[in-house]
Structure formats: C-alpha cells, structure tokens
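Chains as they are written, first to last, in the numbering used here: chain A, 1 to 249; chain B, 1001 to 1440.
Just so you know, the hints here were simulated from the structure itself, not pulled from any lab data. Keep in mind that this is a model prediction, so the values were computed, not measured. From the three backbone atoms N, C-alpha and C, an ideal C-beta is built for every residue, glycine too. Errors might be hidden in some of the hints.
Derived DSS-like pairs: lysine-lysine, alpha-carbon spacing no greater than 30 Å straight-line [to be verified]: (1) B/K1401 with A/K138; (2) B/K1375 with B/K1397; (3) B/K1375 with A/K146; (4) A/K89 with A/K118; (5) A/K38 with A/K118; (6) A/K23 with A/K138; (7) B/K1401 with B/K1375; (8) B/K1307 with B/K1397; (9) A/K23 with A/K89; (10) B/K1099 with A/K38; (11) A/K118 with B/K1375; (12) A/K146 with A/K79; (13) A/K118 with A/K192; (14) B/K1099 with A/K89; (15) A/K118 with A/K146.
Just the calculated beta-carbon pair ranges, DEER-fashion [claimed, not checked]: (16) A/P161 with B/F1160: 20 to 30 Å; (17) B/R1440 with A/S123: 38 to 48 Å; (18) B/R1338 with A/E117: 56 to 66 Å; (19) B/P1324 with A/L88: 55 to 65 Å; (20) A/R34 with B/I1134: 45 to 55 Å; (21) B/V1127 with A/P228: 53 to 63 Å.
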Amino acid sequence: MLTSAPRTKRESHHSQIMSELLKVERITKRFRDRTVLKDVSFTVHTGEVLGLIGPNGAGKTTLFECLAGLMPANAETVKYREQVLAPLKRKEALFYLPDAIVPWAEQTVAWVLRFFEKLYGASASEFAGPLRLPELMKSPMASLSKGERKRTLLALGLMTPHPLLLLDEPFDGLDLRQTRDVMDLLKQHAAKGRTLMLSIHQLVDAGRVCDRLVLLSDGDVVGEGTIPELQARAGLSDGGVEEIFLALT
Amino acid sequence: MPYQHKPQFLLLLTKEWRELLASRSFWLLLLMIGPLVGHAFITAAGLYAEASGIGGGPAALSQGLTPLDGIVSPTFGAYDLAATFLFPFVAIRVIAAEKQSGGIKILLQLPGSLTTKISAKALVLLVAWLVTVIPGLLALVLWKSYGGHLHAPETANVLFGHLLRTMLSAGIAVAAAALLENASSAAIVTLGFTIGTWALEYVAAFRGGFLQQLASYTPASALRYFEQGLLRLNTTVAMLAIILAGFALAGFWLHTGRTWRFRLISTAVTMLLLTTIVYGANGLSASWDVSENRRNSFSAADEAALKQINQPLNITVVLAPEDPRLADFDRDILRKLRRTLPQLRVQYAASSVSGLFEKPEDHYGEIWYEMNGQKIMERSAIEQVVLETIYQLAGVKAPEKSAEAAFPGFPLVVRPRAAGWFFYAAWPFMILIGWWLVRR
C-alpha cells in the first residue's frame, strides 16, 4: 500500500523527467511453441525509476535479456533517444544486472569491486556503506548468502556509467531493513540523473520505489503509467499496486 | 550519447589469470605434470644410459644415440598425454565456469568486443601451458647438468610442436564448452574428438590414400613431424587454422544474444574456411630440417643434384598401407624427396588393402619412377638405389660420394641424479604450497 507522502514526492520528481530515453516497440519472444513476450511496448523516461512488475513467469527476465541484447528477440525495435539501437550496441546505452548469478565465484568481494572500479573508473566507496559491504570484502563470491550476493551485485550495477540501469529483482533475498536501505539508495541514485528500470515481483515494493510502472502479465503489457494513471485505467478511485494489478489482469 | 567503451585488455587478462589460478583443474594439472614428466625423463635417461653401455653392457652404435629421440621427445611425450587428457579440462573451465555461474551475462556487457575477451582467454591458456612446461624445461636443465647434449633448434621445434598440439586441444575444448550446455558434455565431445582422431589414424593405416593424407593432420601425427626434427609449413598452418577456428567458434556460440541462424551460418563459414585452408596447406611444400643429424634430408651433394631437376617426377608404389616396407620408404625416402623435389607426385597403387591377396601379375612390391615419358621399375627402397634411378631418369650426373662428416651421436652413461627427488617430491610440494598461498 502506498502512503500519500512518498507518492507526492514521486509525482513532483516525475514532472521533471519526461524526456524519452528508451522506446521499446513490439518486442516478441517465442520459445518453440510458447510466446513469452507478445508485442511488448513501453517507454523509459530520463531520470525515472520505472518498475517492471508482474508475477513469476510473466516474462520480466526474458524482456530484460532481450533489451540488453543477451537474448535474440523474434521481433523488436528499441530506440535510444529516438535512434534505433541494434542489440549488439545495447551495452553502450544500458547495463543489465541479472538476478541469481554468482560471477567469478572464487574471487573475493574486494577484488570484484576493485575490478569494476578499474574497468569503469568508478568508486565503490559511495555504495559500500549503505550496502554494508565492508564486512564482506574478504569473502569469496561463492560463500555469500543470497542477500549478501545481491548487495554486492547491486554495488557493481551502480558503479557502471551507462545512462540506463536494468536491475532484475533488486530486493530479492534482502530483509526488510536492507530492502528499505536499498530503496533509498536507488532513489538517491536516480535523483542524480541515472535512469533505473527495476523488475519486481513484490508489488508492494514496486509501489514504494518506482515513479512509473509497466505491468506485465503472461507476456503482455496490461498497463503503463504512474499509480494515479493506472488507477484511472483500472477504474479504481483508490488502492495500491496490488489492487491495480488484480483489476487489470 | 551512449556510454563509450574503452577497451581494457590488460584488465581482462588479469581477470582471466586470476580465474585460472582459482581453477582446481589447473592446479591438478600442475600437480600431475611434474611426476608425469619426471617418470618420462627418468625412464628415458635410464634407457639412454643402457644404450650407451652402462654397467659394462654392449653399447649401441653411437650414431644412433641422439638426444632428440632418446631424451627430448620421450620426456615431452608426457605433454602429449597432458594435452589429451588434462589440459582440455582447464580450457573448458575457462569458458564453462562463466556460463554456469551466469557471469557470462556480465562479461558480455563489459567494455571491449567479444574477440578481445576470447583473445584474453586464449592468451591466458597459452600462459597456462608455459607454466605447465616448466618441469619439462627443468628436465632439460638436469640433462645438461649431467653433461648431456642438446641441439637448440630441434629442441625448440619439439617445444613448438607441443605448444601447437596443446593449443589445438584447447581450441577444440573451448569451442565445445561454448557450444554445449555444460562442462561435462564439452569434456565428452573433446575426448570424443581425440578418440576419433585415433580411429582415423588406425583406419588410415589400412586404407591409405586420402584418409592417410587426412590422418597426417591429426594432433598425434602432426606432433610426430616435430619430434622428428622437421618443421613443416603445411602442418603448422593447418594446426594454427584449427586453433583459430576453435576460438572463433567459441566466440560465435558464447554470445547468447546471437540468433541460431547467425551461429549456424558463422559455423558453416568457419568450417568452410578451415577446410579450404587445410586443403590449401597441402600444397605448401616448404619445410625445414632442424634435426642435428639431418635425418630428414639427403646429403648436401645429393640435394644440390636433385635441385637441378625441373621435370615432374611420378612415383607409383605398389605396396599395401600397412606393409612395413612402405612405412620405411615413406620415412626414409619420400619425406626427403618431398622436401627437395617440388614437382613430385606419389601414387599408392596396391589393389588390396592388406597386400596379402595380390597376385604376382598385380606387380606387388614394385616401385615405378616416371619422368620425361620414361619409366623405370625398382623394388629396392634403399636411398642410394632410389637416387641413382632418379638421376638416370633425369639425365643428371650422380654426385661424388659425399665427404660430409657423419653424425657422431652423443652417448652418455649417466644416472638421472636428483631427478626423482625433484619431480616426485619437490615439484608436488611446491605446487601444493602455491595452491595454498593462492587460496589464502
């Protein structure tokens, strides 16, 4: 459920960020006989936190991988600042942080962070505190718990310089306090001008952190917009993301 | 404006090196290679000493005692074993670890092209082989310290042959790892390839003809040329082409964002190119005899006389592929002739596979020489007889008997002191310490 105060904040922030960064048109992805994405279209605006929400199996990860050029789509047009962006060029405009991966499992957290620092000329110290990384520095990636790994991977994603960052299930594995901390961190990051797109299956989390939402159900976009816009579309006078999602699907 | 990538090859190389050091398969390879090389070296040195007359026994003719055959090739034979059964697992891990952990999705998005990333992996595998070769080099150092003789060009040639052979295994392993879902499937395919080449050699030994030509490019056959002190351009080009094709295929299949259509077409084009290069390499006759005893060359006087011959020479050999006379003729005569006469054409004409069922009228055992429309038949495969026949056909005066100094041979009666201690104890201990330090 959303409270009125954060919504007002989001709306005022949203009003400043309407320029179109990425336009996704008619992405279709089929696995043999099964169509996982059906003509998915939506727009990502500069500086916003856009939530891609839907239940497990809705096609969120597939959509992210197609957008990142890591999975070939059967049909798609992706425009970056109104220019068509070929799949192999996507890594120049966006960085996608997958969920449930253990990259360089034998390496320590400190080394992995330093590797990204050198690679992108960034600094991990800005995120190390909020993500509580100092105590993990000497641990190999393979030895981390799900939440610890998620925090480390988030730091990697936030260090990348790409205008658009796609985060797959950024709160998965985090406890309540960590989830709130990460939400704050992401909002601060977006406030500096970075555009974020988050894939979230916990609808309440999505309502708390996102400026706008794309609702995905069974490979179809069933709604796109701010919470009030989606409420209007669903014919609801009030209610949170859960009610909207249930009404639209 | 999208983010502009800065290629960071050195950084990628560091990452690959750290990943290699973290790999248990690499440390296992290092742990095992010491005793393997040690056993090969100690056995070779012992046999060499026996042949040289240790313990008052009869010595072999000293001309037959070459360190290339007696020490270098057998000692480095351990690397053939490693290239077949151990190194492919290290190469597979370089690709499969990132595929299985999902790290590939990050790697593909890092700055730099996929070619750069695959090159970093290939370079690290090359460095891995250089580290692996340390026990072999130490064996040679020990041999020198015993007063043993080594001829640098032929030793370097054997090392180069093993480098190509190992990287060829690595190329096939990385292609299999990129193409298949998991590491175990890749290992099966890589070992299957090796067993396939053994089967090809076995069948080719009976069938001859095209199969025999094809079998000369299998890793084991190709390595034999290097072990004989022969550096052949065609073998080197073919092996390099296979290595590059393996890594190129890995690149095509590793990028998950490529369509099946792209991958299949790229694979087909690569295989077509590879076939063309390997087939074309057949026509490259350049080779260098780097052996100290010039075992792959005629005497300088005969080579000079043969170089005067400009006409094509056709040789028809009516011997079955598994007939030992054909093997001798191939090794002692044809290998040298191919290096000297660019217009040599050899036809293997036995009408049966085994030669057992040839009738007398089938001319079994005959060797026909044809030049300028003239034909001469000989049954002898002795070098002097063959050369005289060719001179007679070409109308070239046979050179005077050469006054070149005969190869003296290098007998050495010595026991491999300290070798067992080093290879069976010190080396494994150092590797375990190294592994422990890295794990820390």
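Status of each hint after checking the structure:
1. Proximity of B/K1401 to A/K138 is assessed by CA-CA distance (about 75 Å); at most 30 Å being required, the pair is judged violated.
2. Pair hint B/K1375 plus B/K1397 holds up; C-alpha atoms about 18 Å apart against a cutoff of 30 Å.
3. A C-alpha spacing of about 82 Å is found between B/K1375 and A/K146, which places the hinted pair above 30 Å, so the restraint is violated.
4. Restraint check for A/K89 and A/K118: satisfied, since their Cα atoms lie roughly 22 Å apart, inside the 30 Å limit.
5. Our distance criterion of 30 Å between C-alpha atoms is broken by A/K38 and A/K118, whose separation comes to about 40 Å.
6. Between A/K23 and A/K138 the CA atoms are separated by roughly 41 Å; this puts the pair beyond 30 Å, and the hint is violated.
7. Restraint check for B/K1401 and B/K1375: satisfied, since their Cα atoms lie roughly 26 Å apart, inside the 30 Å limit.
8. In summary, the hint linking B/K1307 to B/K1397 is supported, as the alpha carbons are separated by about 12 Å, within the 30 Å threshold.
9. In summary, the hint linking A/K23 to A/K89 is supported, as the alpha carbons are separated by about 15 Å, within the 30 Å threshold.
10. For the proposed pair B/K1099 and A/K38, the alpha carbon gap of about 28 Å is at most 30 Å, so the pair holds.
11. Between the alpha carbons of A/K118 and B/K1375 the distance comes to roughly 73 Å, so the proposed pair goes past 30 Å and is violated.
12. Note on A/K146 and A/K79: the hinted pairing is violated, with a Cα-Cα distance of about 34 Å set against a maximum of 30 Å.
13. This hinted pair checks out: A/K118 and A/K192 have alpha carbons roughly 22 Å apart, not beyond 30 Å.
14. Annotation: proposed proximity of B/K1099 to A/K89 holds, straight-line Cα distance about 21 Å (limit 30 Å).
15. Proposed proximity of A/K118 and A/K146 is supported: the alpha carbons are some 26 Å apart, at most 30 Å.
16. A/P161 and B/F1160 have their C-beta atoms about 44 Å apart, which leaves the hinted 20 to 30 Å range violated.
17. Taking the beta carbon of each, B/R1440 and A/S123 are about 27 Å apart, not inside 38 to 48 Å as hinted.
18. Checked against the hint of 56 to 66 Å, the C-beta distance between B/R1338 and A/E117 comes to roughly 58 Å, which is consistent with it.
19. Against the hinted window of 55 to 65 Å, the Cβ-Cβ separation of B/P1324 and A/L88 comes to about 57 Å, which satisfies the hint.
20. Evaluation of the 45 to 55 Å hint for A/R34 and B/I1134 yields a pass: the beta carbon distance comes to about 53 Å.
21. Checked against the hint of 53 to 63 Å, the pair B/V1127 and A/P228 passes, with Cβ atoms roughly 60 Å apart.
Consistency note: the structure conflicts with the earlier hints numbered 1, 3, 5, 6, 11, 12, 16, 17.
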